[in-house]
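Visitor: What follows is each chain in one-letter form.
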Amino acid sequence: MNLRRFFSRPQSAPAARERLQVLLAHERASVGGSDLLTKLRDEILQAISKHVQIDQDKVSVKMERGSQVSMLAVDIEIPFDAGKKAA
Amino acid sequence: MGKVIVVTSGKGGVGKTTSSAALGAALAQNGDKVVVVDFDVGLRNLDLIMGAERRVVYDLVNVIQGEAKLTQALIRDKRLESLYLLPASQTRDKDNLTEEGVEKVIRALKHAFDWVICDSPAGIERGATLAMRHADVAIVVTNPEVSSVRDSDRIIGLLDSKTLRAENGERMEKHLLLTRYDPARAERGDMLKVDDVLEILSIPLLGIIPESMDVLRASNLGTPVTLADDRSAPSIAYFEAARRLNGEDLPVTIPGEKRGFFGKFFGRKAA
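Here the protein sequences line up with chains A and B, keeping their order.
So the first sequence is residues 1 to 87, counted in full-length UniProt numbering.
So the second sequence is residues 1 to 271, counted in full-length UniProt numbering.
Please note that the accuracy of each hint is not assured.
[Stated by the list, open to error] Simulated restraints on C-beta separations:
1) A:R19 - B:L216: 28 to 34 Å
2) B:P204 - A:I78: 46 to 52 Å
3) B:D160 - A:R41: 43 to 49 Å
4) A:V74 - B:G247: 20 to 26 Å
5) B:E170 - A:S8: 33 to 39 Å
6) B:E170 - A:V74: 53 to 59 Å
7) A:H26 - B:G247: 49 to 55 Å
8) B:A184 - A:R19: 20 to 26 Å
9) B:K104 - A:H26: 39 to 45 Å
10) B:H111 - A:Q21: 41 to 47 Å
Please keep in mind that the hints were generated in silico from the structure rather than gathered at the bench.
Ideal Cβ placement from N, Cα and C applies to all residues, glycine included.
Construct all of the structure, not just a fragment, from the sequences and the given hints.
Guide: Here is the structure:
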């Protein structure tokens with residue numbers, strides 16, 4: 001009985017490995033990553049404001065982190081009269 | 001000019017002090033002049049592991065505060081004349097470790113020794129960051145277990161950002177020392193394998209220390225494991241790790257593995 005349990009028991013190391021890989025992908029991104037996000041936001045906004053006038057409050061930057069890829073979403077509201085270049 | 005090595009891990013109880021003492025003794029047996037420095041102020045244990053607990057008079061904090069000279073605080077090993085210990089303070093607060101004080105001590109030790117091994121306390125606080133601050137090489141001690149691997153990953157991040165080398169834009173040399181490894185359990189699939197840990201942490205492997213009763217036996221006796229019995233499996237693994245630290249290109253094998261069949265699968269190359 002015990003022997004059968006021993007042999008039928010699933011291995012635990014693959015679970016450990018997978019959990020670590022997912023967790024560390026997140027932790028690495030969040031420890032060193034908040035700076036990256038701010039930098040990306042600032043530089044993207046800078047690039048856009050060269051061409052159109054944008055309201056800093058109407059900008060949202062989101063970053064979703066997955067195990068394989070992360071997604072950076074930048075949502076910017078551009079008003080009708082934005083064509084008039086920023087003063 | 002000597003090399004400064006930090007032995008670190010983040011997590012406690014994985015074998016930093018055991019490894020510091022064992023590697024220090026292994027390097028000193030080559031005739032190199034070695035000093036092992038205990039940075040665990042308030043919870044010193046390196047003195048006990050090295051069997052010098054009754055010979056401590058002055059410590060690292062005394063030297064930093066100017067209450068003793070470095071030569072007064074250094075304890076020479078009774079078995080190996082080129083092995084020294086600089087104990088931590090047991091009574092003082094770790095806030096007594098100042099960055100300038102530590103820098104002065106490390107600089108002086110670098111001039112006098114071939115190897116300066118800094119035994120880091122657990123955690124990521126002041127003691128741990130000061131222990132790694134001046135290092136040329138880092139040894140990350142890790143058990144094949146989830147919490148240890150996670151903490152090692154965090155420590156690797158700190159080594160790449162908070163050390164002098166990192167701040168000067170230089171590369172921090174990091175090595176993985178996998179301790180308490182049980183090849184039978186790994187083969188059964190109930191322990192992370194060497195390759196799993198290497199893939200996750202992606203730093204080169206310095207050695208694999210097998211789980212062994214010899215380690216506890218040596219600490220009971222107050223003898224670095226490499227001095228207690230130089231033929232035991234963990235000793236052989238530490239001796240090989242010491243040779244790799246010296247730059248030798250020695251393939252890593254699982255020590256203590258008797259079934260030759262597995263040897264084929266476990267044969268590893270040091271990076």
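Visitor: Take the hints in turn and mark each one as holding or not.
Guide: How the hints compare with the structure:
1. Distance hint for R19 (chain A) and L216 (chain B): a CB-CB separation of about 30 Å, consistent with the stated range 28 to 34 Å.
2. Evaluation of the 46 to 52 Å hint for P204 (chain B) and I78 (chain A) yields a pass: the beta carbon distance comes to about 50 Å.
3. Between D160 (chain B) and R41 (chain A) the CB atoms are about 24 Å apart, so this pair departs from the stated range of 43 to 49 Å.
4. A hinted range of 20 to 26 Å is violated for the C-beta pair V74 (chain A) and G247 (chain B), which are about 49 Å apart.
5. In this structure the supplied range 33 to 39 Å is violated for E170 (chain B) paired with S8 (chain A), their Cβ-Cβ distance being about 52 Å.
6. In this structure, E170 (chain B) and V74 (chain A) break the distance hint of 53 to 59 Å, their C-beta atoms being roughly 35 Å apart.
7. The given range of 49 to 55 Å is broken by H26 (chain A) and G247 (chain B), whose C-beta atoms sit roughly 37 Å from each other.
8. Separation of A184 (chain B) from R19 (chain A) is about 23 Å and conforms to the stated range, judged on CB atoms against 20 to 26 Å.
9. For K104 (chain B) and H26 (chain A), the hinted distance range of 39 to 45 Å is satisfied, since their beta carbons lie about 40 Å from each other.
10. Our hint of 41 to 47 Å for H111 (chain B) and Q21 (chain A) holds, since their Cβ atoms are close to 44 Å apart.
Checked against the numbered hints given earlier, this structure breaks hints 3, 4, 5, 6, 7; the rest are met.
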